[in-house]
Each structure stands twice: as structure tokens, then as C-alpha cells.
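Trainee: One-letter residues, chain by chain:
Number of protein chains: 2
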Amino acid sequence: MLERIKLTDLHSKVMTAEESAKIFENGMTVGSSGFTRGGDSKVVLKALAERAKTEELKVTLITGASLGHDTDAALAENGALTKRLPFQVDTTLRKNINAGNVLFIDQHLGETAEHILNGQFKIDVAVIEVAEILEDGSVVPTTSVGNNVDIAASADKIILEVNTAIPTAIRGMHDIYKVEDYGSRTAINITACDTKIGSDVIKLDPSKIEAIVFHDITDMAGDIVPADEATAGIAKHIVTFFENEVEAGRLTKELMPLQCGIGKVANAVLGGLEHSNFENLVMYSEVLQDSTFDLIDSGKMDFASASSMTVSQECYNRVMNNLDFYKDKVVLRPQAISNSCEVIRRLGIIGINTSLECDIYGNVNSTHVTGTHMMNGIGGSGDFARNAYISIFVTASIAKGGNISSIVPMVSHHDHTEHDVDIIVTEQGLADLRGLAPRERAIEIINNCVHPEYKEELMSYFERACAERGGQTPHILEEAFSWHTRLKQTGSMKKVEAETLVG
Amino acid sequence: MLERIKLTDLHSKVMTAEESAKIFENGMTVGSSGFTRGGDSKVVLKALAERAKTEELKVTLITGASLGHDTDAALAENGALTKRLPFQVDTTLRKNINAGNVLFIDQHLGETAEHILNGQFKIDVAVIEVAEILEDGSVVPTTSVGNNVDIAASADKIILEVNTAIPTAIRGMHDIYKVEDYGSRTAINITACDTKIGSDVIKLDPSKIEAIVFHDITDMAGDIVPADEATAGIAKHIVTFFENEVEAGRLTKELMPLQCGIGKVANAVLGGLEHSNFENLVMYSEVLQDSTFDLIDSGKMDFASASSMTVSQECYNRVMNNLDFYKDKVVLRPQAISNSCEVIRRLGIIGINTSLECDIYGNVNSTHVTGTHMMNGIGGSGDFARNAYISIFVTASIAKGGNISSIVPMVSHHDHTEHDVDIIVTEQGLADLRGLAPRERAIEIINNCVHPEYKEELMSYFERACAERGGQTPHILEEAFSWHTRLKQTGSMKKVEAETLVG
Numbered sequence: 002m003l004e005r006i007k008l009t010d011l012h013s014k015v016m017t018a019e020e021s022a023k024i025f026e027n028g029m030t031v032g033s034s035g036f037t038r039g040g041d042s043k044v045v046l047k048a049l050a051e052r053a054k055t056e057e058l059k060v061t062l063i064t065g066a067s068l069g070h071d072t073d074a075a076l077a078e079n080g081a082l083t084k085r086l087p088f089q090v091d092t093t094l095r096k097n098i099n100a101g102n103v104l105f106i107d108q109h110l111g112e113t114a115e116h117i118l119n120g121q122f123k124i125d126v127a128v129i130e131v132a133e134i135l136e137d138g139s140v141v142p143t144t145s146v147g148n149n150v151d152i153a154a155s156a157d158k159i160i161l162e163v164n165t166a167i168p169t170a171i172r173g174m175h176d177i178y179k180v181e182d183y184g185s186r187t188a189i190n191i192t193a194c195d196t197k198i199g200s201d202v203i204k205l206d207p208s209k210i211e212a213i214v215f216h217d218i219t220d221m222a223g224d225i226v227p228a229d230e231a232t233a234g235i236a237k238h239i240v241t242f243f244e245n246e247v248e249a250g251r252l253t254k255e256l257m258p259l260q261c262g263i264g265k266v267a268n269a270v271l272g273g274l275e276h277s278n279f280e281n282l283v284m285y286s287e288v289l290q291d292s293t294f295d296l297i298d299s300g301k302m303d304f305a306s307a308s309s310m311t312v313s314q315e316c317y318n319r320v321m322n323n324l325d326f327y328k329d330k331v332v333l334r335p336q337a338i339s340n341s342c343e344v345i346r347r348l349g350i351i352g353i354n355t356s357l358e359c360d361i362y363g364n365v366n367s368t369h370v371t372g373t374h375m376m377n378g379i380g381g382s383g384d385f386a387r388n389a390y391i392s393i394f395v396t397a398s399i400a401k402g403g404n405i406s407s408i409v410p411m412v413s414h415h416d417h418t419e420h421d422v423d424i425i426v427t428e429q430g431l432a433d434l435r436g437l438a439p440r441e442r443a444i445e446i447i448n449n450c451v452h453p454e455y456k457e458e459l460m461s462y463f464e465r466a467c468a469e470r471g472g473q474t475p476h477i478l479e480e481a482f483s484w485h486t487r488l489k490q491t492g493s494m495k496k497v498e499a500e501t502l503v504g
Numbered sequence: 002m003l004e005r006i007k008l009t010d011l012h013s014k015v016m017t018a019e020e021s022a023k024i025f026e027n028g029m030t031v032g033s034s035g036f037t038r039g040g041d042s043k044v045v046l047k048a049l050a051e052r053a054k055t056e057e058l059k060v061t062l063i064t065g066a067s068l069g070h071d072t073d074a075a076l077a078e079n080g081a082l083t084k085r086l087p088f089q090v091d092t093t094l095r096k097n098i099n100a101g102n103v104l105f106i107d108q109h110l111g112e113t114a115e116h117i118l119n120g121q122f123k124i125d126v127a128v129i130e131v132a133e134i135l136e137d138g139s140v141v142p143t144t145s146v147g148n149n150v151d152i153a154a155s156a157d158k159i160i161l162e163v164n165t166a167i168p169t170a171i172r173g174m175h176d177i178y179k180v181e182d183y184g185s186r187t188a189i190n191i192t193a194c195d196t197k198i199g200s201d202v203i204k205l206d207p208s209k210i211e212a213i214v215f216h217d218i219t220d221m222a223g224d225i226v227p228a229d230e231a232t233a234g235i236a237k238h239i240v241t242f243f244e245n246e247v248e249a250g251r252l253t254k255e256l257m258p259l260q261c262g263i264g265k266v267a268n269a270v271l272g273g274l275e276h277s278n279f280e281n282l283v284m285y286s287e288v289l290q291d292s293t294f295d296l297i298d299s300g301k302m303d304f305a306s307a308s309s310m311t312v313s314q315e316c317y318n319r320v321m322n323n324l325d326f327y328k329d330k331v332v333l334r335p336q337a338i339s340n341s342c343e344v345i346r347r348l349g350i351i352g353i354n355t356s357l358e359c360d361i362y363g364n365v366n367s368t369h370v371t372g373t374h375m376m377n378g379i380g381g382s383g384d385f386a387r388n389a390y391i392s393i394f395v396t397a398s399i400a401k402g403g404n405i406s407s408i409v410p411m412v413s414h415h416d417h418t419e420h421d422v423d424i425i426v427t428e429q430g431l432a433d434l435r436g437l438a439p440r441e442r443a444i445e446i447i448n449n450c451v452h453p454e455y456k457e458e459l460m461s462y463f464e465r466a467c468a469e470r471g472g473q474t475p476h477i478l479e480e481a482f483s484w485h486t487r488l489k490q491t492g493s494m495k496k497v498e499a500e501t502l503v504g
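In order, the protein sequence lines correspond to chains Y and F.
Sequential numbering of the first sequence, starting at 2, is according to this note's numbering.
Sequential numbering of the second sequence, starting at 2, is according to this note's numbering.
Hints are computed from structural coordinates only; laboratory data are not their basis.
Treat the hints with care, as some may be off.
Identical chains share a label here; the pair holds if one copy fits it or two copies do between them.
Unchecked claim - When the alpha-carbon atoms are kept at most 30 Å apart in a straight line, the in silico DSSO-like pairs for lysine-lysine are as follows:
no., residue 1, residue 2
1, K254, K123
2, K254, K179
3, K456, K84
4, K47, K330
5, K496, K7
6, K237, K123
7, K179, K197
8, K489, K456
9, K179, K54
10, K23, K401
11, K328, K54
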């Protein structure tokens, strides 16, 4: 094990997770590695949670994105969190957030590093998973980079988790570039998905390293949810759209660099590309799932850039056993770079993200169930949607057995405004909103994306809004949330016989 | 006059505006210069409007931003517009947009050029105001650059308006850089407000120039609205905030590059800086008003970058008579560059923009009166707010003699989501939302920004929303627009005695 600490002065810092957790103090701001399930803290944050069981120990926790291994659950359950940012997916934490017990900052994933750089947050202790510590104290990251670079730079003290389950041959899979301080910043000179502009290691100040903890726990495996009828339908519409764009001369067979949110729709879309005529594909995304590695293996995809990988156990093993092969095809970057507005706009990305609900004008709610309750967070969807070449949002047209329409008169929470939404796709069809004004967008969305059960009522809402109120974006404000209110009152958005819309 | 056309082959193209307007055909997409009142088409679009009086001649019109000289009014009145983008401020056009007679695409000003580059819009005829045409057909812009570069590049035919009221000595005040096509794009290498990366002229294909029209009409003068009690109060709060940030070590006396929306608040804030201790200020904005030139003259400001200047007649004369002086202090750029996400984030800009209404969580409505009717457009506010170092939104706390509260339970239209809003300022005070979760944001906004008349009811709404509904962003959806409904029904958002909130 100790051969993974090349800077031998640090051998004396090796301790157990429990010992290392004594560094934490009540009220501290802790920064941790972890982006989705990749490269998260496996033992130190758990030890923090354990301490919080018996003593007053509450921290602000800043990560890359969500964590695996139920760490967020343990922290939330034991009251260890005052504030959490910028993303989470944990059921227990979610409950605590929505109950107001944990303050959650839902943040564009590309901006967290900026908020550390501009002084909004100062890290007291950083917890970073690494594969190896080099002679100069630099560290080799594991399966994600996340906000590690800026968290480590800002931290007063650093705890390293050395994960011996990760082969040291992973070195070379990362491109570590630190966004410069304001005033001396230059361009982030990435001009293609495979451009490397940085180092293969994270530079650290070794004197900040207060503890080193060994473990051999692999990332929690990603769920592979097979495509259902809705996701398969959505994938088909998107592939057809791409084919039509090639026909129209606005895309080539290489498409443009792809970004996909995580989940079954993303897997279905990328799976759809495997059996298409597109070729030499590339990705510039934030998380890589199995489907990316499958596209690489099948020869359809040349290169993929992201900040993290979250894959099944099978895929994980495949990658770890063939690191030399994948190192030429995959790069993991800090999320300030994977989600950089500058790079995204320059490369001209096709962004595919999931929405909870959309409205008739193309505004998107990605986060808030019934407008109030946090699901996961906006993640990187805003970084990509705002700056994409084509910004696509997908959702099944209905949910809860048809009791919820995912297309509503007005979204109950706005994450993405109509300005940032080019295409909406449901299994019903695809609405191409490019170059359309709001009243045109409404007709396109209602005609193409809405489930038949809700179509007539939604068109009626739009027509009455135009006739009775008018304006650039016609709405009848007192009815705008009537579907949500009905859902709350009756358990369904469906119109009950003889019910008025306002009821 | 003809000495302004150095490419003598083009002398034969000189004609009247009326003659040039014969080039337009029904259904065409026309691109025109003009950003606010600066450098707009003075005579050719008017001639187009005149033709539309008597014949079926409807076009899509794409400009930089709004136009002066009531050109938009003439076009709208005569039915010459099918579609208009990306911004407008005209009363007559606004009426036609809100009546559904003209389709309006309200667009981030930094993105219009992208939509031309990615094929969403193809320009048939471009109308560009210039100061001079050089030997190779290149042209010297006037008081704005706007979208001229990409409009001219996309156009099949070009009509030039040579404005002899603009001294040819204006050459050198512009920095013309064309964003490259996707696939071959490199960084936009601006690292300071005064970096120049392009040419001092716009390169044109002379064979596209079909008509040249002379005129000597100056830009319509900008309105100088003196600061009132509310704007003076807002300016004072912002200056105090800056002073506190310097004290806290997060800003220096040079601040960061400033961006100000147009209007009296912007003038008041910049005016406030004139009598402050800040120095060596710089601007990276989209429009320069009198206040910028005043700051330059008083020695407080070193440099200002924008896409346009819209100033009073006095200031206009001052600039035109001292071009050699101002050319070293001011640069006008394409709006794809002045409003580039890449440059804005790199420079770390303090963005100050105006809102129509804000809500308790810090979402901002910049555009839609009562959620439906377009005022002007989102303009560049989103380009700056999303990528700013500090994103500030300002509004008087009340409007219409107190019958409207500018802070409401939920904004009736979302232009900027809470993610992109750091600071809200009214004459009542300043809410610093950095690092706060939604429930914290609500308390900060209600306590600091709301007019006393509305404070108690708004806090009651928030507290009831927390207690009755809970969640990350507590709302009572069926009450969220109750203030707007009450305004519609009673002419005031004020609570009537014995009225329930739902009423």
C-alpha cells in the first residue's frame, strides 16, 4: 500500500478514517471529491457522519455532484449537514432538504468552482479520493475530477483517501487545468473534445495534507435501466431528427459533440446511435455511462470527454482492465472545464437533458416536483442548454400512470427559460422550436409532444389565453397552475367531468 | 460625398433610398444595423415601410437591438413585419407584438449571431450604416457594430447607408472580429476590456453590394432621465455594497469591469461612482450612455468596451468632435463579442441590470408585464447575469403610485432564475443572496428590499408556504399569482380590507 505514497514524508500521515475525522470541527466548510458515483469519498465522510451521531458536528458540504454509497443519507440522518451543494440524488437527504432541515444550494455545476474562486465559499477541509500520491505531493485522481482542483486549492487542510482498487495505470486519463484567478485569466484553449491543456495530476501543497486513509472500495455501480417504450420512442425521434438535419445540411454524419444527462433516456439515445449511420462521434459531457463505452467499443465513437464516469460493475471492470486502451479515447476533466460555457459554446454541442415538466412555451422544470419539492438538482443542464448548438429536452409525455401530464400550461418551477430550449421530445413526437416566437412554439409543442389525453384541454387553454389575454406569451394566470392544483386535490391532472378549469 | 466610396467601381451603385428599397421582396429575411439608437438604418428601412403601405411586403427583420427614428413604428404600422428579433423598445411595435400581429423572438443579444451561423436564419438582404467604404470594399462602421458582421456575411445582397454626419475619423474606434464557424473555432482572446483582436473595418464581399444610399442623419438622441429618489437610493446602496466588498477584500478600488443596462438606474449608479473613491474603472458592456463618457472625462474610468453608444445630443457632439481622444478610451465590438459568455466569465464582470419584478427567491422578470405582455425584451441581461462575477438586479420596490409591488410571491414570467441572481437592490435596501439557499434568500429579500406596505403580507405568504407546503422552494401555487390577479381585478396589488389572499 505505502508504495502508493511516493512522497515518503507523508507515510506518517496514514491513519484510519475515524482518526482522520477528528480534523472536522463544528461549523466547518468541507469540500469533497465525488461526481455522481464516481471518485467519491468512501470512508472519511462516513466517519464524519458517525461522529455526528454523538456530538454536535454540522458542516457545509460542497462536492462535485452527488455521492454514492449512501454517504449523503448517513450525513443527513445524523444531522451532520447544515448546507449542501451543488447537487444530490439521495432519498434521505432529499427528505431533509424538503423538510427544511438541510439548506440546499441547487447550482449550475460549472459554477461552483467560480464561487470558491470569488470568495463566496472558503474550504476548511478537503477530502479527496486519489489513486496515488507522487514524489512532489501531486495526486492522481480516480474516476472523477469534479471540483477537486479548486477545493484542494482553497482548503486549509486536506485528507486524502487512497483507493487501492483503482489501478495506478489510470494516470493519464485526466486533464487537470485550473481556471486562473480573475484578473490574470486567459482562454481555456480547448478546441476539440480531445484537446488536453493541463497536467495528468492535481498539484497539491503537501504541507496541507493532514491525513491519508487507505481503502479499496470501488465506486457504487450505476443502475442500468433498460429502455422502455417511452424512452425508446424518444430515442427514435431524436435519431430521426439528426438524420433530417444531415439531409438539410445543418449537421454531418459526425453530428456535433454530444452531451447527455444521466439516466435511461441518455442511455437509450446513445444506444440508438449505435445502430445508426452516424460515425466518428465524439462526446463533450459531464458524466460517462455504459452507453459511451459501448459506442467506443463498437467503433462508433472516437472520443469522450467528461468529469466523471458512472458505470455498471461490468463496464467498470472492462475499463479498469483496459486502461491503456481507454486512456486514448476518454478524458476526465475538472467540472469547471467539462461544463465551461466558453468551451461548450466554442465546440457547438448537442445537449440532451431530461425535464420533469415543460410548458407550452418551452420553459423547463428540471428539479422541483409540484414546484416546491427538490428532486435532484439542475446539475449541468443549464451550463449546456444555454450554450449549446442545439439544446434538446426530453421527457415522457405522461407520468404516474397518466395522472400527470409532463407538458403543462405553465411550469411550476423554472430552471430553463424558453430562450435556452430548442427542441422538446416526448414519445409522442418532437417539437422543433428553433426560430419560432412563443405563440408558434405553443402550437408546435401541443401538436407534437402532448399525450392525446391532455392535448385538447391544453390547446383550449392556449387559445383562450390568446383570445382573452393576448400578449407575447399569452397566459391566464389564475389558471396557469390549475393542473397542478387539480393533481393535489384529486390525485390526477385529468379533467373530471363537469369540472371547470379553475376548480 | 463620393470620396466616402474609395472603391470607385461602386459609385454606380449610388441611388435613393426609395430606389434601393425595390430590392426587398415579400417574405424575405432582412438584417439591419442598429443597436439601441446607435448606427441604425435611417432611410432604407423607412423606404421599405413606405412600400409596404401600398403593397404586400412583409419581412422578418433581424437587427442588433432596438432602432431609433421610429423606424420600428413605421414598419409595424404599415404591416411590413412578419417576425422581428431580437429586441425592440417601440410603442407601436410593442402593441402589434402583444396583439399577435407581429411575431417577436425575444433573444439573448449575444446569441443572434450564433443562430445565423448555425443556419436557423439566412439573411436575404442586409442594410448596414457605414461611415466610409474602402478600396477593397471593407466598410467603417458608425456608432454601433451590433450583428453587422454576421448579417453581412450571411446576406445575398447588401445595401449600405453612408452616413456623412459621422466623421471618417471614427475609423479605429471599432474592433471587428468574426466568430469562426463551428468546427474551426478558436478562443476569443480578449483578456482585458481594452484588448483588440480584430480589424478596424468590416470585410465585405463587394459583389454583394447592390445599392449605396447617402444621408446625413444623426442617431436619435438618448433620453437623459435625471435620477429620482428611488434610483438615487438604489445607486447609493450599490456604492455602499462595493465599499463593503473592498473592505472585505473581495473587490479592489478598481472594482471589476462594469456592465450596466441602459436607463436611468444605470446612469444613476455610474453617476454615483463619479463621486466615489473608486478609480481606474473599466467597462465591458453592451451600450454606452452619457454617464460612461462623463466618467472617462472626469478621469475615473480608463476604458469602456461595448457594441453601441446611445447618448444625448450634447454628448454625441462631444464624442464626434474629439474622436482621437475617445478612440483610445472606447471600443465598439460586434455584440457576439461584447456579450460573449466566454469573455464575460473570463473578465469577471459586475453586471447591473433592471428587472420589472423579482420574487422572494430571487427569480427575475425583465420583460413581461403581468406575465403576458412584452415590454422591451431580455436584451443582453441574460448574457451578463449568467456569467457575471457578481450579478445585480435593480428595481424600485413599488410602481404605479404604490399599486404594484415589484417584489412578488412568484414572478409572472421568468427571464432569470435564482441561479443567476446574486444581488437584488431596491431603494429600500440590498439583498446579498450569494451563498444562500432559497429559504434564506426569501428572508434576505423580504427584509431588505420590499416596500413596507407589502412586507408583512409577503412574509406571511413565505411563512405559510413553509408551514403548509414545505420543500426546497416553498410556494402555495394557487396563491402564487394572487397579487397579479388582485391587480387585474382591483387596479392594485394592495390587500383590501377583509379580502382573503386567494380572492
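Trainee: Does each hint hold? Answer for all of them.
Mentor: Evaluation of the provided hints:
In the homo-oligomer, the alpha carbons of K254 and K123 lie at most 30 Å apart only across protomers (22 Å), although the nearest pairing inside one protomer, at 46 Å, exceeds that limit. Proximity of K254 and K179 under a CA criterion of 30 Å is satisfied inter-copy only: 26 Å between copies versus 34 Å inside one chain copy. Proximity of K456 to K84 under the C-alpha cut-off of 30 Å is restricted to the inter-copy arrangement: shortest distance 27 Å between copies versus 41 Å within a copy. Taking the shortest alpha-carbon separations for K47 and K330, neither the intra-copy value of 34 Å nor the inter-copy value of 57 Å comes in at or below 30 Å.
Proximity of K496 and K7 under a CA criterion of 30 Å is satisfied in neither setting, with 68 Å inside one chain copy and 70 Å between copies. Taking the closest pair of Cα atoms, K237 and K123 come within 30 Å of each other only across two copies (29 Å); inside a single copy the shortest separation is 46 Å, beyond that limit. Taking the shortest alpha-carbon separations for K179 and K197, both the intra-copy value of 13 Å and the inter-copy value of 25 Å come in at or below 30 Å. When the C-alpha separation of K489 and K456 is checked against a cutoff of 30 Å, the pair qualifies both within a copy, at 20 Å, and between copies, at 29 Å.
Taking the shortest alpha-carbon separations for K179 and K54, neither the intra-copy value of 37 Å nor the inter-copy value of 59 Å comes in at or below 30 Å. Neither within a single protomer nor between protomers do K23 and K401 lie at most 30 Å apart by alpha-carbon distance, with minima of 46 Å and 59 Å respectively. Taking CA atoms no more than 30 Å apart as the test, K328 paired with K54 passes in neither setting, with 42 Å inside one copy and 66 Å between copies.
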